[in-house]
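Student: Here is what each chain is made of, one letter per residue.
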Amino acid sequence: MENRLQLTIDGRTVWVAPGTTVAAAWVDLHAPAIRRSVAGQPRGPLCGMGICYECRATVDGHPHTRTCQTPCRDGMTITTDR
Amino acid sequence: MREVRCDVLVVGAGPAGLAAAAAAAEGGQSVIVLDENPHLGGQIWRPQAAEANQPSRSVSPRAAAAPPSAHAHRRAHAWHQRAQKRGVIFETGMTLFDAPRTDHLLAVDAAGQASAFSAQQVILATGAAERFLPFPGWTLPGVMGVGGLQAMVKGGMAVRGKRILLAGTGPLLLAVAAFLLDHGAHVVGIAEQASRAAVRRFGTSLWRHPNKLVQAARLFTRLRAVPLLHDAWPTQAEGFGRVEQVRVAAGDRCQEFDVDLLACAFGLVPRTELARLMGCATQSHIDGEIVAVDRWQRTTVATVWCAGEPTGIGGVDLAVAEGLVAGYAASGAFKRAGRAARRRDRARAFAERLDRAYALRPALRALPTDATVVCRCEDVTWQAIRAQPTIRQAKLQTRCGMGPCQGRICGPALAFLTRATPAAPGTATQTTTRPTAATTSSHAAGPSTGWTGDRVRPPLVPVAVNVLIGAGQAPLANHQPSPAPSRHQEISL
Amino acid sequence: MKQFDAIVVGGGIVGAACAEALAHVGGTVRLLERGHIAGGATAAGMGHVLVLDDSDAQLALTRIGRSLWTERWSHLPPAVERDACGTIWVAADEAELEAASRRATAYAAHGIEAELLDAEALYGHEPRLRRGLAGGLRIPGDRVLYPPTATRHLLDRAVAAGAVILERTPVQRAGNGHVDLADGNRFEADLVVIAAGLATPMLVDVPGLVIRPKKGHLSITARCPGLLRHQLIELGYLTSAHGDEAASVAFNLQPRATGQILIGSSRQLDDNEPHVDQGIVARMLARATEYLPALGNVPIVRTWTGFRPATPDHLPVIGPVPGAPRLWLAAGHEGFGIATALGTARLLVDQWLDRQPTIDPRPFRVERLSATHRATACVPRGAPECAAVPDQDSPPSPFAA
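Chains D, G and C are the protein sequences, given in the same order. Quick note on our numbering: the first sequence kicks off at 1 and runs consecutively. Quick note on our numbering: the second sequence kicks off at 1001 and runs consecutively. Quick note on our numbering: the third sequence kicks off at 2001 and runs consecutively.
Careful, some of the hints might be misleading.
To be verified - FRET-style restraints, in silico, Cβ to Cβ:
#, chain 1, residue 1, chain 2, residue 2, range
1, G, Gln1473, C, Asn2272, 53 to 63 Å
2, C, His2275, G, Ala1158, 23 to 33 Å
3, G, Gln1473, C, Gly2259, 25 to 35 Å
4, C, Gly2259, G, Gly1184, 34 to 44 Å
5, D, Thr13, G, Phe1240, 20 to 30 Å
It is worth saying that the hints were derived from the structure and are not from the lab. Each residue gets a CB set at the ideal place from its N, CA and C atoms; glycine is no exception.
So that you can see chain D by itself, here it is in the shape it has in the complex (with noise of 0.2 Å):
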């Protein structure tokens, strides 16, 4: 895997080519849902570009983090509330 960067999300390991958004990167690894909403419903990216507040995970430790918003870094660990 030259060149690119892994992740761990949600226990799984994923890489991916740099540049690549974590929601980008948990999109394509899964369906689009990320999160689940307060009543409970599934919830994925809207806006990609950080306004909705719709593909919040915890970012290293970071909860409520944008992840159309944070590129992916080597190392990165990523747990959801899917």
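Starting from the known structure of chain D, fit chains G and C onto it as the hints suggest.
Tutor: Using the frame of chain D, we list chains G and C on its own:
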């Protein structure tokens, strides 16, 4: 907390911000540009993932200040080069969250480090966001914005072989459809809410803008195999855990599409929160509330300028022109600002034609049903919200707009859904004057209904407790805001 | 039931509680609100329903207020976000634990359940608190609710009993049995109740009636369930709440039913501007993370300000205006309007109907402030604000100690 000073601080590194920064630097000012995105170029000049910088957050948060690679969007790169030649400093990944004074702004980077920026002049180029209108099923995963989907694809999301329907309004639908085709997607259709006649009228008016005409012709050639519906909009999205089918009303017919993704947005809304927090007056406009500016792009706060979409949606050419006007004027170079202003006024004429052709039709107000969630953060339904008299009451009684997006998604939707029947075109309702061309573009937004313009308070975006502690404990830089460049007063009289 | 016409001015939680209570004892009630209901101090407040013992009168009013909320607790609709979380007064050191112990004794004397916690018991209840605290005092009967929807609920009940709510109806002036509206109309009634918080002194002619704004900041986090279970308040809270410092902050956290944490609190006198002061917010948040370090990473989604309507002796005015038997006040509840709204309404109705009041009404009388007003003119600075002022006009009360 880090403290930084400069003559001119530019907020936003999209077309308007880049142009403003270059112009201000050419006017002899020391300039810093902030952008919350990890890349330069804003939404329209967003680079492709494979072309983007090496992730800049890996070493230190400030590494993001590094220039974009040669692979950045061509036009963003050109402006960046021009600005950098004059010593402009770029800091990306910087989210503005407060402006305790109009010459003192606070930002936080992705690593949670706060910085304070002090500047004599501030140019706001905060861009636009997509307008989403709620309809049954719009909260399903796989329903995204039009620009939103494009941004996700540029961020590395794969769409090869995916069945995608685009819906909403405006030329962005066509541009993104072509973009998606280029990335291997199967575009199953485009649903444009405007009528065929309105779009045709707009098309014929393009002879005044030959370069736009060429672009349009290219798009239509690229999209010739894609079904293009007019008078059409999605009435329902369905699926188990994600969107699978979309029902589209097209004229008096109803059509169903099997899809993997639905990209749907109804035009753009100006991002004015920072301007409002800083005390700049806004005015009603067909695009929503816009920042009021004079012919030099100066807001009602003497040291604050505004360029691009926040002063009215107008697209990239208008944004660049307004950025140049603001940048030159803020540095006192009024002669050059005047030349840029003529270019701006031409671009604005195009924007106004666009506004008219793609104005949202009142029938879209019937999209949400009682059970449709309007506030996605708090899952508040249309039934609960519309029983309230004002946006503030809706917030207090239903939690609508009280979630992390702070009403940025549901607010513009509600401003549209609750708007009384539009006034006749040409009826200006602005609360402050916008001398250039305002009289022709300030139509349709009725008098304030209590559903727009709720007070803006810091933090502008959710910010960690520790960041707010650090930012608030540092003493405010103790210098007086400087007066505007002296040359300004001579020329603006 | 006795039939009468009543006008309530003010659609905050106190006005709503009065309207509800009056409508339920046979009053034909009109409630007038200058804007929309629950839009003032009620919207800005924390919504704690708790007992406080800063004074005997405060203890009596908060106790009756809490027990009236408790009676109807299970009938409150979900939108009220009720949470019977209880309060823990956190003792940072042995001296504060001593104070907690004294308070426990006082509460016990009034039949209020209170449990003194040593350090181990404290961490058993709230394991996320920082190490090194001495203990605390747990008040299991304290509660939290969401004031705007609670107000709506009270008004829905008032309307069901025949009350009429008029929003966007500003009142210019109120007198004995009448109010003059800003639009020039006059409404008359057997009883006029002014529950207009800070605006009250502007509406009535009562010399010496002073209700000052005490500005507060609050912040609320994104959802982060599981960080705490009880409302937490530092034991030094009341000292800070009534101190003379221009600006003070105290540690006060509430777990909300949504999973968010509401962070308070600050107090500023003589700042009448609604702007958010970054420095105050930072002090308030720093105080909160001192006690609950895990809060540091949690995002704040919103910060706002509000103005507590404060009288000089920190007690509300509840009762008739001297010389105007058909003009009553129910205002000046400072930071405890939610806790005491139902108690206030009960006290008001008891007196209006000449029923035996549930608690001693004298400390809340309007004339005490005019008396204070006269007395303070010759009282040296630094003297207690009202303790020495005798209430000579009052008849003997069944509650006299």
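Student: Run every hint past the structure and note whether it holds.
Tutor: Structure-based check of each hint:
1. The beta-carbon spacing between Gln1473 of chain G and Asn2272 of chain C, approximately 25 Å, falls outside the hinted interval of 53 to 63 Å.
2. Checked against the hint of 23 to 33 Å, the C-beta distance between His2275 of chain C and Ala1158 of chain G comes to roughly 47 Å, which is inconsistent with it.
3. For the pair Gln1473 of chain G and Gly2259 of chain C, the beta carbons lie near 28 Å from each other, so the given range of 25 to 35 Å is met.
4. Hint check: Gly2259 of chain C to Gly1184 of chain G, Cβ distance near 41 Å, so the stated range 34 to 44 Å holds.
5. Roughly 28 Å separates the CB atoms of Thr13 of chain D and Phe1240 of chain G, a value that falls within the hinted 20 to 30 Å.
Of the numbered hints given earlier, the model fails hints 1, 2; all others are met.
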